[in-house]
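Mind docking these for me? Both chains are given alone in their own frames, and the hints should help you get the complex.
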Amino acid sequence: MPRGPAAGEAGGGPRASGFAGPDPLMQAYLLRRAAQAIVTLVGMSVLVFVILRVLPGDPAKMLLPEGAPQSAVDELNRQLGLKEPLHVQYAIFLRSVFRGDFGQSFQYRAPALQVVRERLPATLQLTFCAMMLTVVAGVTIGIVAAVRRGTRYDYAGTILAVLGQSLPNFWLGIMLVLLFGVTLRWLPTSGFENWTYLVLPSITLAAYPTALVARLTRSSMLEILSRDFIRTGRAKGLAERAVILRHALRNATIPVLTVIGLQIGALLGGAVITESVFAWPGMGKLVVDAIYFRDFPVVQTVLILSATIFVLINLLVDALYTVVDPRIRYR
Amino acid sequence: MNWKASIDSEPFTTHIAREEPAMDYTTPDHSKSLNVTRRQILAGAGAAIAAAGIRPGPAAAQARKGEIVAGLSERMLTLDPANHYSISATSVLRHIYDPLVEVTNDSKFVPCLAESWTPVNNTTWRFTLRKGVKFHDGTAFTADSVIYSLKRARDNTKLIKAFVYQDIDDVRKDGDFTVIVSTKRPFGSLPAHLTMLGILPHTAAANEEAFFQKPAGTGPFKFGGWTHGEQITLIANEAYWKPGIPKVEKVVFRFIPELSTRVAALRAGELHVIDRVWPDNVQTLRSTAGVRVLDTPAIEAQRWIFQLAKDPVKDPRVRHAISLAIDRNVIIKDLLLGYARPVVSPIPPGLIGHTNLGQKAYDPEKARQILKDAGYKNLSLDFVLMKDLYPKQLEIVQAVAAMLGDVGITVNIKNLEIATAREARTAGNYDMFFSGWAHMPHDPDWYLGQWFTKAGAEKLTRYSNPKVEELIAEGRVPDPKVRQQKYEEIEKALWEDEPEIWPYYSVAIYAVSEKLQNFQARRDYYVLLYDVGIR
Numbered sequence: 005m006p007r008g009p010a011a012g013e014a015g016g017g018p019r020a021s022g023f024a025g026p027d028p029l030m031q032a033y034l035l036r037r038a039a040q041a042i043v044t045l046v047g048m049s050v051l052v053f054v055i056l057r058v059l060p061g062d063p064a065k066m067l068l069p070e071g072a073p074q075s076a077v078d079e080l081n082r083q084l085g086l087k088e089p090l091h092v093q094y095a096i097f098l099r100s101v102f103r104g105d106f107g108q109s110f111q112y113r114a115p116a117l118q119v120v121r122e123r124l125p126a127t128l129q130l131t132f133c134a135m136m137l138t139v140v141a142g143v144t145i146g147i148v149a150a151v152r153r154g155t156r157y158d159y160a161g162t163i164l165a166v167l168g169q170s171l172p173n174f175w176l177g178i179m180l181v182l183l184f185g186v187t188l189r190w191l192p193t194s195g196f197e198n199w200t201y202l203v204l205p206s207i208t209l210a211a212y213p214t215a216l217v218a219r220l221t222r223s224s225m226l227e228i229l230s231r232d233f234i235r236t237g238r239a240k241g242l243a244e245r246a247v248i249l250r251h252a253l254r255n256a257t258i259p260v261l262t263v264i265g266l267q268i269g270a271l272l273g274g275a276v277i278t279e280s281v282f283a284w285p286g287m288g289k290l291v292v293d294a295i296y297f298r299d300f301p302v303v304q305t306v307l308i309l310s311a312t313i314f315v316l317i318n319l320l321v322d323a324l325y326t327v328v329d330p331r332i333r334y335r
Numbered sequence: 003m004n005w006k007a008s009i010d011s012e013p014f015t016t017h018i019a020r021e022e023p024a025m026d027y028t029t030p031d032h033s034k035s036l037n038v039t040r041r042q043i044l045a046g047a048g049a050a051i052a053a054a055g056i057r058p059g060p061a062a063a064q065a066r067k068g069e070i071v072a073g074l075s076e077r078m079l080t081l082d083p084a085n086h087y088s089i090s091a092t093s094v095l096r097h098i099y100d101p102l103v104e105v106t107n108d109s110k111f112v113p114c115l116a117e118s119w120t121p122v123n124n125t126t127w128r129f130t131l132r133k134g135v136k137f138h139d140g141t142a143f144t145a146d147s148v149i150y151s152l153k154r155a156r157d158n159t160k161l162i163k164a165f166v167y168q169d170i171d172d173v174r175k176d177g178d179f180t181v182i183v184s185t186k187r188p189f190g191s192l193p194a195h196l197t198m199l200g201i202l203p204h205t206a207a208a209n210e211e212a213f214f215q216k217p218a219g220t221g222p223f224k225f226g227g228w229t230h231g232e233q234i235t236l237i238a239n240e241a242y243w244k245p246g247i248p249k250v251e252k253v254v255f256r257f258i259p260e261l262s263t264r265v266a267a268l269r270a271g272e273l274h275v276i277d278r279v280w281p282d283n284v285q286t287l288r289s290t291a292g293v294r295v296l297d298t299p300a301i302e303a304q305r306w307i308f309q310l311a312k313d314p315v316k317d318p319r320v321r322h323a324i325s326l327a328i329d330r331n332v333i334i335k336d337l338l339l340g341y342a343r344p345v346v347s348p349i350p351p352g353l354i355g356h357t358n359l360g361q362k363a364y365d366p367e368k369a370r371q372i373l374k375d376a377g378y379k380n381l382s383l384d385f386v387l388m389k390d391l392y393p394k395q396l397e398i399v400q401a402v403a404a405m406l407g408d409v410g411i412t413v414n415i416k417n418l419e420i421a422t423a424r425e426a427r428t429a430g431n432y433d434m435f436f437s438g439w440a441h442m443p444h445d446p447d448w449y450l451g452q453w454f455t456k457a458g459a460e461k462l463t464r465y466s467n468p469k470v471e472e473l474i475a476e477g478r479v480p481d482p483k484v485r486q487q488k489y490e491e492i493e494k495a496l497w498e499d500e501p502e503i504w505p506y507y508s509v510a511i512y513a514v515s516e517k518l519q520n521f522q523a524r525r526d527y528y529v530l531l532y533d534v535g536i537r
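Here the protein sequences come in this chain order: A and B.
Position one of the first sequence corresponds to residue 5 (the working numbering), numbered consecutively onward.
Position one of the second sequence corresponds to residue 3 (the working numbering), numbered consecutively onward.
Think of the hints as simulated: they come from the structure by calculation, not from any bench.
Nothing here was measured: the structure is a model prediction, and the numbers come from that model.
Cβ atoms here follow ideal geometry from the backbone N, Cα and C, with glycine treated the same way.
There may be inaccurate statements among the hints.
Unchecked claim - Taking lysine-lysine pairs in the DSS-like style, the calculated list, with each CA pair at most 27 Å apart, reads:
#1 B/Lys67 to B/Lys517
#2 B/Lys389 to B/Lys335
#3 B/Lys216 to B/Lys67
#4 B/Lys160 to A/Lys87
#5 B/Lys461 to A/Lys87
#6 B/Lys216 to A/Lys87
Said to hold, decoys possible - Beta-carbon label-pair distances, calculated as ranges:
#7 B/Thr229 to A/Met179: 20 to 30 Å
#8 A/Ser170 to B/Asp365: 42 to 52 Å
#9 B/Lys469 to A/Ile55: 39 to 49 Å
#10 A/Val92 to B/Lys186: 48 to 58 Å
#11 A/Gln118 to B/Ala363: 51 to 61 Å
Okay, chain B solo, but in the shape it has when bound (with noise of 0.2 Å):
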């Protein structure tokens, strides 16, 4: 029913342009959709523009107007794009800096700063940059603010960010406008990450305080002022190196956290987007005039964990009889009204690596079969959830209890405060952990390198498998044909074992103003604002 990604997503991928050869080892082979040719593509935007009206030529030049104000669930903390993983964050300062590399709403990388990008082995990627952009202080774009971009992620330890690019050998120039990067050991979702990371202008350096003060990129977008936290102003671009973007001329993002005020804005039609709706509220949007809820599948996927070390849920029976206790469709129909997925492999769709396993099985019967057979009795498990993190987590979890109730393991449901929640995770006190994973930044070697290897999982799930650790290694490399290979291989391990239950893919809802054009509903949670008009 829901699975339809917005209406105003279409034009967008007709956006995707592809223009050097070199591009075609930076998309999965997976997806039919990058095969389109040139002329289809123009020939879809050709549609596209005619869909909506427009005619081309002056009027598609017509100057940017308006102003559009953004609610967003998590508070954005820092203008530094090295100094977060936020997906808030990552949304707003995107308006600011530009990338190297850009991401599409269907995985796909495509030029940003970087006009191209090709791998020379297997530790060495080569970026060959834009020329004649300016950041928002005068400064030329050249490769000097790359090589200071990126060291400074990888040497300043103080920055959230530093621990992904500690595998970067070296930064080096070859001319103003080529990059080459080396790496200690493949590095094949490089430009997946860059997707994430600002460039700065290397003048920053000189000093980095007040150069936050008032930051500068490349952007769409020019910092206009903030209060931590609360809400932060951008001014339009008017030189940006894109033609026709942005298309209003002020964007004002409004940090939210409390879902009930987020909707009450914009049903006041004090706001023009919000994101991280709950299927709850979809209806009293819907029925609100002026609004529209849009939802896409997202590239997350819902996982409950098990203590690996700990009996008795080390022992693989155990989990399979849990897995098979869990009425999966329930969950998803009855308690998310219908907003998740059903999962079919531990990497959701759209990502490289993501193959069709079919659906876990719900058999209970069996399940009480599989306890009593492996002779155990009066199991009781604890179940620990970081408080009020995941939409309707609580009722989950209640439901789940009474299904594994139902083959005769008691469930104690430990709603922890998320600080408490993790320090019991570090020290192994739990059976079962309620957690979820966004495959920021749409790669999944991040989660497979972090949970499915002995050091990443050490306190966590503590588990260690050699066979997956090498295959995790192996699909390090840049080919995605041979990454495709072993994530499936990876994947096909994990399905057997279930070191984790893997319940539903998220669906991410967004409510948006009938005022907003354009706006897509981004499957990585992110609210993109430079390609959006508004009435």
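Just chain A, with the same shape it has in the complex (with noise of 0.2 Å):
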């Protein structure tokens, strides 16, 4: 499964310390993150800019017809602004983001942050759904496999896991299709109305991390679960489920949450292959041939616009070690 880039996360992992209550570091924490973010996302804006000129491959020539003259091919660049020198051209391009304007695509000759936008909703709604489809199948699994370890239930579970992980998302996807859509004619096969067109996606899209998770949770649970603590909880009289539940899957959930923070950011970029298989009208496809027509300012706004929201779920991710931890401590 494709991985999405990993830009944004750095430092300023969860700390223990001895004592609880209201946390005034926390706030200075969020600030040095929020600074952090600033850099990061600056630094790829470059990395991304020069990347993308550095690139063999000339943008006019991608618009043309084959074969159109050079003369036409040297108009149209100076006209994309193609011909100024690469520093000018970065200066205007960061003038021009912060008025709010990330240049017009080059493809669709319309701003590309309005392109962008239009494929933003399907883009959220698809990575939501299969991010609680995988937060809610994943964890469930991962549980029933430690609790029942060595059972039918466990083998299952690990079965499930490694196809979930093996399986092509193309292939998956096909096969989707094929069977509900085609055969039965339960689900639509493609595009995006109304809810019924997420179901495929999602489960095709979840498929890969849910097996992760599912396999991290087991592995997590199965830690904690040989802990002292679990058997004290056992021996005063608490209920089976208060021990799984409260005791010990909160202690598991840290490392689980750290990994879906990292997965939600590879469904952002990463749901190339099953955007393409369902004609999912959201932004990975729309990198990809952005790149592959070298349209740079479409492909300049996706990686901004992703790289913010991949900073912010980590942020956020962050923040919520707190919640499941209150042990845990920012500096």
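Have a look at this one:
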């Protein structure tokens, strides 16, 4: 499965300390992280800007039909502002971005932000559904497998996890479409109109991260379940349900939360194949096409936007650690 | 086996009404079907109507109903008819905007917004316009709309089509319904090019950006709404000037580049028509209830170009040997499953200039001998492909590599991302390059002028032949007889010299729902639905 760019996440892991209560350090920490995020985003924008322009290939040539005269290619490149020196182009770009103008898409001849914004809802909905599915299914399978370790539930969970991680997205998507769309006609095969259109792509997209989360939850749970405090809990007569959900799961959640945060990034940028199979009007396919066609403004817009979302989500995950485990404090 | 165009296409050809004598100029005289009389046309139409079981009269004028959803392979990126050279955008925008001239599936140019056109001399065309036509926004269609649309396409160099119209010198009116176009040099293919250029209301000039937010043409459908590159909705234009058209209330075009997704959606009944089906899918589609597969020879020739300034392929003997070593029939039969046609001249059948020069021979023994006599040993060639662009291209080139290996030539296959491949071609870093040419707009002038003049080919194949260049210039006049003769001469020279290999003419394959009525598999890959009904 393709993985998204892991931009943004840096430093600032959880730390345990001995006291509870309101935390003034948290605010300072978040401010520091926000500053880091801005540096990350600017750095990324420079990188993307330069890499796109260093790539072989000529935007005007990709726009014009095969074999348009060179004079037309040169003229169009001039019109697109690509004849300026690199630093001038970047300065113009940066100035525009601060005005909220991400430039005109070369391909669509429309504001890049408008083209991207049209696809943002579809991307977010698909990511959200796939993530919900991942969390619910992944954590459930993981818990059941850990609690019923060595039983057929465990084996079934393991098989599902191996399948989820090894089946190619493309194949899984097509098989689901053939079964539920073409043969049974229960669900639409492609496009995006209402919630029924979300089902198959969400399952396809969630297969890999669900497997990952299930395996992680299982191993993390197994480790916690063998700890002394679990035995103590059971010894003092707590219901098994309370032991598992309140004590074991809560402690097992930290690594799972981290992985989920990272997976959201992968889903945001990595849904390309799923989007292709289901003709999903999302950003993943848009950005890949934009790279092929050297549509610089669209690539830049998508990457800046998704990097921002990614950085925010990881910030949120960091904040969530303190909710899950009140002992965690930030410095 | 598969060359027959769809049966549906037959009634369509009877729609060609030929009224103006000047029209004879617009049609190459190589085509016999042109010489039909009006009576024959009417008889044909009558037969078609009878065959379809439709009673003429009130029943023919029945109300339009239903909705058609089409899945196109190529994303449409713009609503501006002058700002693309995309086949999919041409198809879709044809429903919103009318051009001056229309082209039929057998490459005949017939009236649309222009009722007739005639060359006044070699550099002047006179167009007589249709009266009483209105744009969707109420503006009347007049000479001003034509002047604006043409001058815009020439003067706004930001537009993708600008380079085609640079030859236009002036566009002026002679009354409200006559336009005179003068050109800097003979521009015989102008009517053909105009088939791809929708006419805009001149009132759009005031604010083009706002206009293209909600564009208005004179076409059979009005713009309903769209998501850039994803889908577009069109609503029937009740007041369309052509009676009985369109046949449905609404058309939706969805853009689905992934072939397996298009196929699945058609089989599931979500789409009524899909384009660009690959030979491999035909069997599955044929066996699906309610689905029909239609195919027709396209106006496209595949071409493997040589870098003509580079050793060893600049040596005509090497090119000749390569040509002899390739078994084109194996490629057509085994790899394309019969969905391609053997080439008999660079310009495909049906277009002006086509002639039959006989198929190229397959003779590996002779190829070996030529290479030996020329003193070549252990030749190694780079064959560059633009990744995923043409059906089965990689398998085909692998087969070619084996065939050339058989005569002692090693082929290095370089399957490059499109932009990178094109860059390699500009830099001249290739020996052979897998390309194709759909002869839009049903005229070979563009192809010849681009690939076989020194200026055009400079950053492509490096082709240069003053004699051919002269013939191309002479072939630009409006007179079809002169054009046919010049093009035949050019093709003979190219056939001899083999500056490129034309391995096969492509076949356009469509799959449609059986509910569609009167759908025509187009040779230019268009998906045109204004004349199509649905049950």
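Okay, the hints, checked on the actual structure:
1. B/Lys67 to B/Lys517: Cα-Cα ~13 Å, so holds.
2. B/Lys389 to B/Lys335: Holds: B/Lys389 and B/Lys335 sit about 23 Å apart, inside 27 Å.
3. B/Lys216 to B/Lys67: Between B/Lys216 and B/Lys67 the Cα gap is close to 24 Å, so the pair holds against 27 Å.
4. B/Lys160 to A/Lys87: holds, 14 Å
5. B/Lys461 to A/Lys87: holds, 19 Å
6. B/Lys216 to A/Lys87: At roughly 32 Å apart (the allowed maximum being 27 Å), A/Lys87 and B/Lys216 break the hint.
7. B/Thr229 to A/Met179: 20 to 30 Å: holds, 28 Å
8. A/Ser170 to B/Asp365: 42 to 52 Å: Roughly 50 Å apart at Cβ, these two residues keep to the hinted range, so it holds.
9. B/Lys469 to A/Ile55: 39 to 49 Å: About 47 Å separates the Cβ atoms of B/Lys469 and A/Ile55, which means 39 to 49 Å holds.
10. A/Val92 to B/Lys186: 48 to 58 Å: violated, 36 Å
11. A/Gln118 to B/Ala363: 51 to 61 Å: Distance hint for A/Gln118, B/Ala363 holds at roughly 56 Å.
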